[in-house]
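J.: The sequence shown begins at 1 in the working numbering and counts up one residue at a time.
Hints listed in this document are in silico derivations from the structure and should not be mistaken for laboratory results.
Here a beta-carbon is modelled for each residue, glycine too, at the ideal position from N, C-alpha and C.
There could be a bad hint or two in this list.
[Unchecked claim] Using C-beta positions, here's what the derived DEER-type ranges look like:
#	residue 1	residue 2	range
1	Arg128	Gln54	36 to 46 Å
2	Asn35	Lys154	14 to 24 Å
3	Ser40	Pro104	31 to 41 Å
4	Asp48	Gln112	14 to 24 Å
5	Val116	Lys70	35 to 45 Å
6	Asp141	Ile31	10 to 20 Å
7	Lys70	Val27	11 to 21 Å
8	Glu83	Glu140	19 to 29 Å
9	Asp52	Gln112	26 to 36 Å
10	Asp117	Glu32	21 to 31 Å
[Stated by the list, open to error] Here are the simulated DMTMM-like cross-link-like pairs (lysine to aspartate or glutamate), alpha carbons at most 20 Å apart as the crow flies:
#	residue 1	residue 2
11	Lys131	Glu45
12	Lys103	Asp72
13	Lys75	Glu151
14	Lys164	Asp48
15	Lys75	Glu157
16	Lys47	Glu83
17	Lys168	Asp141
18	Lys131	Glu99
19	Lys75	Asp39
20	Lys131	Asp72
21	Lys103	Glu83
22	Lys70	Glu109
23	Lys168	Asp52
24	Lys75	Glu45
25	Lys47	Asp72
26	Lys47	Glu140
27	Lys154	Glu99
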Amino acid sequence: GNPNTSIPGKPSSTEEKDAGGYVVSSVKTIIEKTNRISDSLISIETKDKIVDEQSVQPRVLSGSMITPSKTDISKVNLQVVSESGVCIIGQNSDCLVSESTRKPGQIFEVIQLDGVDLNVRYSGPDVRLEKFSILPQSSEDFLPDTNWNVEVLKDDEISRFYYKLTYKTTQ
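With the hints as extra help, turn the sequences into a complete structure.
T.: See below:
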């Protein structure tokens with residue numbers, strides 16, 4: 001027989017992996033970015049939508065905030081609160097993640113929010129570029145249909161917030 005004949009049932013396509021290292025099928029990724037927000041309260045909606053006649057679902061929410069002035073870094077901080085009122089990321093002791101999630105052997109902290117296990121990645125507060133990502137722990141899951149309230153805790157300091165939503169097409 002010809003060794004190059006493809007075996008039935010074995011897809012010959014190369015496998016793609018997502019950020020979590022999971023194999024993704026013929027799933028398209030769509031990224032929407034929103035830049036340079038100077039407001040101190042930003043509401044981000046994660047819900048299914050139609051893009052180019054394809055149904056897509058939100059998989060990753062990531063945000064970053066730049067504080068240009070070094071003296072303001074410790075005065076300007078991010079806080080991410082779920083629609084149900086749970087503080088996910090922030091400096092208060094009641095927030096689920098309050099410091100950098102990067103530890104030996106891990107980059108995410110796993111939290112449970114409204115019954116869903118989420119991977120949260122956070123740079124920690126007192127840095128010039130404060131960053132976070134929130135995504136479901138399971139590669140099969142998507143972010144809940146909800147509003148995420150991002151608050152930039154500051155007085156009149158200058159900051160710029162950027163965020164992006166990564167959607168995957170649903171089969």
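J.: Next, verify each hint and record whether it holds.
T.: Hint check results:
| no. | hint | verdict |
| --- | --- | --- |
| 1 | Arg128 - Gln54: 36 to 46 Å | holds, 38 Å |
| 2 | Asn35 - Lys154: 14 to 24 Å | holds, 18 Å |
| 3 | Ser40 - Pro104: 31 to 41 Å | holds, 35 Å |
| 4 | Asp48 - Gln112: 14 to 24 Å | holds, 22 Å |
| 5 | Val116 - Lys70: 35 to 45 Å | holds, 37 Å |
| 6 | Asp141 - Ile31: 10 to 20 Å | holds, 18 Å |
| 7 | Lys70 - Val27: 11 to 21 Å | violated, 41 Å |
| 8 | Glu83 - Glu140: 19 to 29 Å | holds, 22 Å |
| 9 | Asp52 - Gln112: 26 to 36 Å | holds, 34 Å |
| 10 | Asp117 - Glu32: 21 to 31 Å | holds, 24 Å |
| 11 | Lys131 - Glu45 | holds, 18 Å |
| 12 | Lys103 - Asp72 | violated, 26 Å |
| 13 | Lys75 - Glu151 | holds, 13 Å |
| 14 | Lys164 - Asp48 | holds, 15 Å |
| 15 | Lys75 - Glu157 | holds, 8 Å |
| 16 | Lys47 - Glu83 | holds, 13 Å |
| 17 | Lys168 - Asp141 | holds, 10 Å |
| 18 | Lys131 - Glu99 | holds, 11 Å |
| 19 | Lys75 - Asp39 | holds, 16 Å |
| 20 | Lys131 - Asp72 | holds, 16 Å |
| 21 | Lys103 - Glu83 | violated, 28 Å |
| 22 | Lys70 - Glu109 | violated, 27 Å |
| 23 | Lys168 - Asp52 | holds, 13 Å |
| 24 | Lys75 - Glu45 | violated, 27 Å |
| 25 | Lys47 - Asp72 | violated, 34 Å |
| 26 | Lys47 - Glu140 | holds, 16 Å |
| 27 | Lys154 - Glu99 | holds, 18 Å |
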